[in-house]
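Two chains, two frames, a set of hints: combine them into the complex.
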Amino acid sequence: MKDSECRQPRDDVWDHIDLLLDDSLRAFRGEVRQFLRTAVPDETRARLDMGYSATKSEVVAFLKKLSAKGWVAPAWPVEYGGTGWSQLQRFVYTIELGNNAAPSVPPFGTAMVGPVLYTFGNQDQKNLYLPRILSGEDFWCQGFSEPGSGSDLASLKTRAEDRGDHYLLNGQKIWTSKAHYADRIFLLARTGEGARKQEGISFFVLDMDTPGIEIKPIISIDMSHSLNEVFFTDVKIPKSGLVGEAGKGWSYAKFLLGNERTGITNIGRCRRQIARLKRIARASHIGDTPLCADQAFLRDLARIEADLTALEITEIRLLSTGRDSAFASVGPSVLKLKSAEIQQALAELMVSALGPFAAGRGPQFVEAMEDVSDLPQGFFDGALAEYLFGRATSIYGGTNEIQREILAKATLDTLQ
Amino acid sequence: MSFLDHLTPSDEAEMIRDSATRFTGAVSEAALRQSDGFDADRWVGMADLGWHGILADDAAGGLGLGAAEAAILAYAAGHARLPEPFVASSVTALTALRAAGVGIDVLAGLVAGSRIFAPVGFGLPVGLATPVSAAPDKDGASLCGTVPLCEVGPHTTDLLIFADGPEPMLARLPSGTDGIAITPYRGIDGRHLGKVHLDGYTVGDEAILARGAAARNAVAKAEAVTVAALCADAVGTIDKALALTRTYLNERQQFGRPLASFQALRHRFADIGVEAELARSMAEMASFAAQTLADPTPLLDRARARICRAAQTVGQATIQLHGGMGMTDEMAIGHYFRRLICLQALLGQEAGSLRLRSAALAAEIDAEARLEAAQ
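So the protein sequences, as listed, match chains F and C. Residue numbering for the first sequence follows this note's numbering, starting at 1 and increasing by one per position. Residue numbering for the second sequence follows this note's numbering, starting at 1001 and increasing by one per position.
In isolation and in its complexed conformation, chain C is listed as follows (with noise of 0.2 Å):
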């Protein structure tokens, strides 16, 4: 599949966006602020929608899509502000559980609802080393250290643990299993968050889904996949904000007209307008990225730090064009700001990614240069 065949989404593509964009319309604001960070109801109707599937085989009841389709979802989340953890379960975990090779009752949980995974030091936040290290053990292998954010939470029923060190592995363990301490808060968006904190947890062989490069691929492929979704719950975030604060500055009169009407609010939309084209393309780019290369790292890179830029820039402007009202907590556009704050955090922020990149350009002078003195 070719860049241009995936800019043209196929009528399955387009099915699953308005039946996304249907169901997320139905969500209230006020339901939004009821549900304090998950709502049962909810996840139980995204399962019946086939959201925990998007990426799952036939045979456990998925819909046995890729990337792109897990991306539109992402991006209804995002644009209605969802607050359960979606990619980190349905995209996060089950990618790499699937890479795992986990068996099919496994994935037939997670996809119909009843099971919902936290990764552990993999994923969220992307492009991190993992905390967690693992030693031999004689029951096992012993995990060792401390994953100050997870998105864990009292619906949280499995945590999928990757682990470096001497014996790299991917581990599943029941939420709530005596000797892994987990710490909860709230992220600023309101989501479930959590520190994990391994100290010395015997973890037998029956739990241990992946070793080796086994277990580095299936974390690797995972976290692809998820700069992807995330990228994609980052633009249908932009989106919204910017179309809060359209219809605020057409309703909202001063001096007698629109505040729609000021050349220097117009021209400051019209730049996070611009924001937000860039941050789709980057997010079009990062979809076909993660399904199609074999390495998609690079490109990935590149996309975060994109769309980490875009998401600043249009959160702070269109907290600005609110005024004074863009401060309080009543309007929904300070929980869209406060959301896109979390986005870069996940994404491993703009001056995180720009570093990798810094590196590399500093690598590629220097083998120029060389070059160019050996000839």
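Here chain F stands alone, though its shape is the one from the complex (with noise of 0.2 Å):
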């Protein structure tokens, strides 16, 4: 292998997507490749490989790149900033990100409350909202999930209030990730009862310093912040901020959701993962033995490989399929479950693969381990931090749980 093919994603045969692909799509890939290879600062793209979030500025600073590129949003239609891309550009983009460490494009924006206002917004909102989605001005977090309402979302009781000019929000969110990096929130409240708890729930878009709104942290499991709680007291939305019609807000939630479903199997980023495993099982022993020659690891490594293909596989499959088939139904959940069970397998790996390095934490514990071992210092206390947060996979979107009750439905129950 020469040189410089190393230092890049590698083409070699079990990156099997590229045999699946036609010529046009390879070529398609290498513009991508291409780009990210500037757009993605060395800095920023060492700190992802070892397993540390992007900060703001640097997720700010990429999407000023794709801005000026026209690629923050590739699924929304052409006229409201869209790429035009097939289905399959799309997947190979989305693949390229995170195997050439990108930072995240914050989903809230351009894979949640977008398609929602250009589906379903009035004019004005389309025009206020979508630009700024896409040059990255607006930050956006999301107010569904409620202290009591979790998996079972339609029993929210934040409450909206018809005022005549505006309406009156009280109540809380949680979960609400980046809350304290947003400019602007979407969420669903309650404003009119209904036979159903689906019923008389609306969805509304509201400026984050409107008077009234109140930011709590909440330090996640791997010690961090990027969870909040967020309680409106007395909040006017103005009638402005209503998205299409009032009590219909479920079925826009539904219609997000299902977006949401199909854009989390993070495949690229799992494929740089096992390089990065592959980096690790060089400097890292069990004893006397380097990793690299640990039968276990390697069949574990090798079984999550043949995992990850299987999802690629099952991904296309999806993409390539009419929205009637009976696997449409289904496909999303099985992503869903599958990839949080990938993602969280590598994660394990990579702390199993740590040894006794993976109990510490913080800059003291990485400062310490300095001279003790041959892998660089970012290894131990990114991928901890990666191990922690990633639980949430499983959790976030619907539970594993909440996904094979909707399979269950769909293949087991008979259809009366």
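No lab work stands behind these hints, which were simulated from the structure alone. A quick note: this is a predicted structure, and the numbers were derived from the prediction, not measured. The beta carbon of each residue, even a glycine, is placed where N, CA and C say it ideally should be. Hints may contain errors.
[To be verified] Listed next, with one range per pair, are the computed distances between beta-carbon atoms:
| no. | chain 1 | residue 1 | chain 2 | residue 2 | range |
| --- | --- | --- | --- | --- | --- |
| 1 | F | ALA410 | C | ASN1217 | 42 to 48 Å |
| 2 | F | ILE221 | C | ASP1366 | 34 to 40 Å |
| 3 | F | SER155 | C | GLY1025 | 26 to 32 Å |
[Said to hold, decoys possible] Some but not every residue of chain C turned toward chain F, in silico, with C-beta under 8 Å:
| no. | residue |
| --- | --- |
| 4 | SER1002 |
| 5 | LEU1007 |
| 6 | THR1008 |
| 7 | LEU1244 |
| 8 | ARG1246 |
| 9 | ARG1266 |
| 10 | VAL1274 |
| 11 | LEU1278 |
| 12 | ALA1305 |
| 13 | ARG1306 |
| 14 | ARG1357 |
| 15 | ALA1362 |
| 16 | ILE1365 |
| 17 | ALA1369 |
[Unchecked claim] Computed far set for chain C versus chain F, every beta-carbon distance over 12 Å:
| no. | residue |
| --- | --- |
| 18 | VAL1102 |
| 19 | TYR1185 |
| 20 | GLY1187 |
| 21 | ILE1188 |
| 22 | PRO1258 |
| 23 | GLN1316 |
| 24 | ALA1351 |
Spelled out as structure tokens, the structure:
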């Protein structure tokens, strides 16, 4: 292998997507790789490789690059700023983002509220919000979950009372990722009552600097701050903040969550993780044996690779089947469930690969490890942070148990 | 052809699927149990529908199609648990025969259903080196070795033997040839199997179909298509095991309600449904790789590793979900479980497939380390 090929994602046979793509898609992939090589600074790539999440300034810098290229929200219709790419081009693009350790594009604007706004929003809302998502000016957060409404989202209690020229919002949201960074929030609130709990829910957009909003951090098990509680006390939502029709919010939320489930397989990132595990395996030892000579480790890694291949092909199958096929209804749940398992298995293997060095945390620990291991320092702290926060992959977006129930309804229950 | 085209079945492929489903749908559980491992009428029925010629040339009466279409038939055979050696003769042996360039007359007999070939030393199981070696002899070549597992039975008309050694060759010999000892036994799936023992058997030039690299290439080609067919066979078997379990869970009542209403069972069923979809993805990839790629082996190894695990997981769970009834020979589910065990053996087991990739990973890690040290 030539030197130049090694520092980039590999093009060998195990990168089998290459074999499955036609020439034009391969050329497209080359274009994406070329762009990402300069758009992601080396320093950012190194930090993300070690398992740290991108800082806001790193995300903003990357979004500016993407924005100039018109690549922030490829899936959007062209008239609203999408790229017009085929589904497979988008699939390849997403893999390359992860595979090249690019900062994650925040999904709250591009994958969540954006599609709701251009599908159900009015012209003023489209004109105001969509360009600011594409330019990276607005960061959004998601106000769905409540303390008493996790998986059972429709039982939510936050209320928006119609006061004529505005709605008066009272209640509380929880697990609000990046609320402390966000400029705006989209949320579900009850505006009326119906026979079913899904009725009477409306979908709103709101500025985060509106008086009456209070953010309290939730420190997560990785000892970092990305989650929040958000409290609303007599917050005035202007009438222009209602999206679509009052009382129809549940159907918009279902539309949004359906988009979420297809976009979270993180295949590219998993590939990068496998490369990282190989790097750790060189420097880590079990007793006197280097990890790269340990059959159990190699077997575990080979098994995860096979799982990842199956996941990738399953996603391609889902992208290429029509919406009316039986697989289209269960495919997103299959992907969500399995991708969570794979990401968690990779993080688990990473931590076990660190052996005795997996127990410490923080700058002092990292410094203390400097002269006792061949591994780059960041591997210690970052791997553990990723492992800990990665427990959320089987919880967010509908827990794995919720996905199993969706699958059982679709595949086990006999049609009446 | 791209993988996407491959995922979109042609009209012809759909017709083959419909015809195969109608044919296998007419095979009852009782008929399967009566057929004792082979049913001559059913074999002729397959011939009439073109099964044996799915991969054969037009001139031999075949359809001239590829691994994808053969996989459709293997899926149907797996779904219906047909015990006849469709993959062994009509896929594995036929592919090797064609690649070795045999005459149309030989292929025509196979396609018509009158000749049934048993591969010996290649294909089934996948990924093993042949135990048969060939050494030059004054009348041709002398074959030595014992092949513990061959899909051979009373119905077999021809042995297709792959021998390595000083003089690699692919040889065709009539079943029942003096000097070739076959010890028959049964697979736990009820199939006719046998051990073939060669102790210095002299094969004449007329029986040798290919030599050297040509023989090796013919066998490699046959193995690739075999993996694709076995993967599809396994997915068909898995789908049927899921369908039987779905019916059972909905019909069986305990505590006054159907088993299908208990969440612990629902979630286990959901998990094996996921396994089935991952296996289906890998089977699609395998038939594409076998048909299209110059060196499909690394991808096929990964496919059979994943499908073996799915077969194991689904088999065990479907027995558990049938409770005590799952332990009986009376219920069909146990027969599918046993077939899945045999398919794992034929595919080389998950462990065997992963071992190859583990070794490759170790080599890649080593190469990357040396490259970095050199920089």
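Hint by hint, here is what the structure shows:
Range check, ALA410 of chain F to ASN1217 of chain C: about 45 Å between beta-carbon atoms, so the 42 to 48 Å window is met. A hinted range of 34 to 40 Å for the beta carbons of ILE221 of chain F and ASP1366 of chain C is consistent with their spacing of about 36 Å. Distance hint check: the CB atoms of SER155 of chain F and GLY1025 of chain C are about 46 Å apart, inconsistent with the given range 26 to 32 Å. Because the smallest distance between the Cβ of SER1002 of chain C and any Cβ of chain F comes to about 4 Å, under 8 Å, the interface hint for this residue holds.
For LEU1007 of chain C, the suggested interface contact is upheld, since its CB lies about 5 Å from the closest CB of chain F, less than 8 Å. Because the beta carbon of THR1008 of chain C sits about 7 Å from the nearest beta carbon in chain F, less than 8 Å, this interface hint is met. Contact between LEU1244 of chain C and chain F, as hinted, is not supported at the beta carbon level, the nearest pair being about 13 Å apart and thus beyond 8 Å. Of the supplied interface hints, the one on ARG1246 of chain C holds, with its beta-carbon coming within about 6 Å of a beta-carbon of chain F, less than 8 Å.
At a threshold of 8 Å, the smallest CB-CB gap from ARG1266 of chain C to chain F is about 4 Å, leaving the interface hint in force. A least Cβ separation of about 5 Å between VAL1274 of chain C and chain F falls short of the 8 Å threshold, and the interface hint therefore holds. Nearest Cβ of chain F to the Cβ of LEU1278 of chain C: about 4 Å, under the 8 Å cut. The hint holds. Given hint, ALA1305 of chain C at the interface with chain F, holds; its Cβ is 5 Å from that chain's nearest Cβ, closer than 8 Å.
For ARG1306 of chain C, the interface hint holds, since its Cβ comes within 8 Å of a Cβ in chain F; the closest pair sits about 4 Å apart. With a least beta-carbon distance of about 4 Å to chain F, the hint placing ARG1357 of chain C at the interface is held under the 8 Å criterion. Hint status for ALA1362 of chain C: holds, given a least beta-carbon distance of 6 Å to chain F, under 8 Å. Against a cut-off of 8 Å between C-beta atoms, the interface hint on ILE1365 of chain C holds, since the closest Cβ of chain F lies about 4 Å away.
Here the hint on ALA1369 of chain C is kept, as its CB sits about 5 Å from the closest CB of chain F, short of 8 Å. With a cut of 12 Å on Cβ distances, VAL1102 of chain C stays outside the contact zone with chain F, its closest approach being about 31 Å. Distance to chain F confirms TYR1185 of chain C as a non-interface residue, since its nearest Cβ pair spans about 32 Å, more than 12 Å. GLY1187 of chain C, annotated as away from the interface, keeps every beta carbon of chain F farther than 12 Å; the closest lies near 26 Å.
For ILE1188 of chain C, the requirement that its beta carbon stay farther than 12 Å from each beta carbon of chain F is met, with the minimum near 26 Å. At roughly 9 Å, the least C-beta separation between PRO1258 of chain C and chain F is not larger than 12 Å, which violates its mark as non-interface. The Cβ of GLN1316 of chain C sits about 17 Å from the closest Cβ of chain F, beyond the 12 Å cut-off, so the non-interface label holds. A Cβ of chain F approaches the Cβ of ALA1351 of chain C within 12 Å, the least distance being about 8 Å, so the stated non-interface status is violated.
Comparing the model with each numbered hint stated earlier shows that hints 3, 7, 22 and 24 do not hold.
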